[in-house]
Amino acid sequence: MALVEFKGVVKKYETHISVNHLNLNIAQGEIFGLLGPNGAGKSTTIHLLAGLLPLDSGEIMLDGYSTAKNPLEVKRRIGLVPQDLAIYEMLSARENVTFFGKLFGLKGTVLKERVEEALAFTGLQNYAKDRPGTFSGGMKRRLNIACAIMHRPKLIIMDEPTVGIDPQSRNHILESVKKLNAMGSTIIYTSHYMEEVEAISTKIGIMDQGKLVAHGTKEELVQQAGLQERLMIETNKMTDDAAEEIRKHPRVSLFHIREGTQLELVLQESQTYLQDILFILSKHSLKLQKLTRVEPDLESLFLTLTGRTLRDGV
Amino acid sequence: MRLALLMAWNEVVQLIRSRTVLLMLLGLPLLLIFLLGNTLESDSKPVKLSVFAEGSESIVEKFKIYLTSSDAESHFDPLFREDEETVKEDLRSGKSDYGVVVLDGAVRYYPGKFIERNLIAESVLNRLVSEMKLRHSANAVLPQLSDEQLNAAISSTGSRDFVQIGNLVARNSADFNNFSALQYYSVAYLIMFLLYSGMTAAISLAEERKDGTLLRLYAMPISLNAMLFGKLLGATFFALIQAAIIVVFTKSVYGVDWGTDYAGIAAVCLLVSVATVCFAVIISSFLRSRRAIESIFSLLVVSMTFLSGGMIADLGPTVRKIGKFTLNHWANEAIRTMMAGGALRDNLQVIGILGAIAAVLLALSVLRFRKAVALA
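Chains A and B, in that order, are what the protein sequence lines are. Residue 64 in our numbering is what sits at position 64 of the first sequence, and the numbering runs on without skipping anything. Throughout, our numbering is defined as the position within the second sequence, counted from one, plus 1000.
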């Protein structure tokens, strides 16, 4: 059953359409990675879901509640981790989490337990009395997360939570996402770091220019786009004749020479025809040094779907 | 209501923990009141007079009796010295403002650094010396006169008030309308800094927007009304704490007499606080940057304080008329009436005008509040 349903959602800013007829279902228990360059409409989409912006048309349902008709019920079920830090510098880490916990209606012993739980979960229990001003960027990001999870929301929305932090904190956050999901929360995770989305997501949606251009598991997306694995062949040297002969092989559909001695190619039925390529190399007295099979990744998927690389839009 | 109170608590905690806010809203008014009040009031203090008198016993005795009499008390704070050199040393070291030596019937004056103080001292001392000379002459010419007859004769020659200290700030001065400078400026700055607490509320809203916490608050299951009401409640509460601290501190440390109607003063402060936080909402609905808010607020608060006579007591009839269009004027009037022994009920017209200003600002702020808390 879908926890989140976007039905024909449209959001415009004057003449610019930020979200263009978005239809999407996110099932309970998923980690849904929303991928796209800056300006693709990811943040607007999650702001609409979190009730931060009004819809121009369409409907968004969360757990059976409409964001337009029952905004407070929807908000009770959401933990939003905004892209920019949203913590009070004048309050300690514990006071920050406690304050937001109270706004979610937590009280008494439950509140205290949940606050400590959230601080421990984000590894800040030893810094609970400290103010964020003394924290590193990564610790602030973790506090930003703690403030969104203490009420154990059904849906956690994380908007680019790893921007500008050190690798250690980044890994901590990615592990946290998996743990939160294992504990029962559905996660929507937006990023323009495809390797992050690839590493943690069970489903992926790709947005570009306000439209959801594809969504599904990574395997489904690869299949939808007709992407194939690539071979990376590295030799001791390369001659024009050998390169030309490989390029003309009837089963080679993509051919590219990198750094003079490295070939990148897509070979249909590679298990059968790889020996042809090796024979050509041998014929031209070229020595094979390295052979790598590269699975289709999100970068190539994005390129195929939008005609540009993900980084181009960032 | 619980959520609004929670928001209010958060607002107060944030304000109290901000050194800048504490310094500006608590430290600065107390300092300004102290500086202005004391600087302007110092002239009315008695002249510190170092005295050395030796020679004819009756003259020395009369001198000492006079200087310690209730007549001289308001003019002089005498220091009786053992020799002339100590008198001079007192002047050099600043222990006294003026020196006088009476030696074998001759009087020597030692003026100090301050012309006004010298003037006061010499006026009073000249009058005393003249009186003693007159008494001496009368004794010589009419020895049959009794002391009572002599006193009556001397009294009839002129006023017993040797000198009128006509400085701008003395009690009963026209400029301060029967208030001391400390009283006058305590009220003016109390109101001025209460108005500044509205600026703090507007800045707090702008900072919440900039720091992203406003966005997080939007994502909370809390209504916009509760959110804004809580913030404004916090700012109002902080303003009232600020007012209480200023009143208690100035009363206990500077000795400012605030009258007896503290509930009335609190009511006026509440109206001013409500007006200023409502104005903060209106300003926030148009301006987003901290700098712009600070500029507009400061300009308005300082202008209104100036026009209402909060910086210079008497700016003439035209400015006084313009000043009546400021919130400060009515708040100052209300509190000063209570300072002079009146009560809130004696001030109904003034309170009514103050309430009307607050009500208009409240109505405008209700119309603009959605814009004020908008994310973008």
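Please note that a few of the clues may not be correct.
[What the hints assert, rightly or not] If the Cβ cut is set under 7 Å, some of the chain A residues that face chain B in the computed set are:
no., residue
1, A50
2, R76
3, K102
Just so you know, the hints here were simulated from the structure itself, not pulled from any lab data. Remember, predicted model here, so these are calculated numbers, not experimental data. Using N, Cα and C, we set each Cβ at its ideal position, and we do this for glycine too.
Consistency of the hints with the structure:
no. : hint : result
1   : A50  : holds (5 Å)
2   : R76  : holds (5 Å)
3   : K102 : holds (5 Å)
In this structure, every one of the numbered hints holds.
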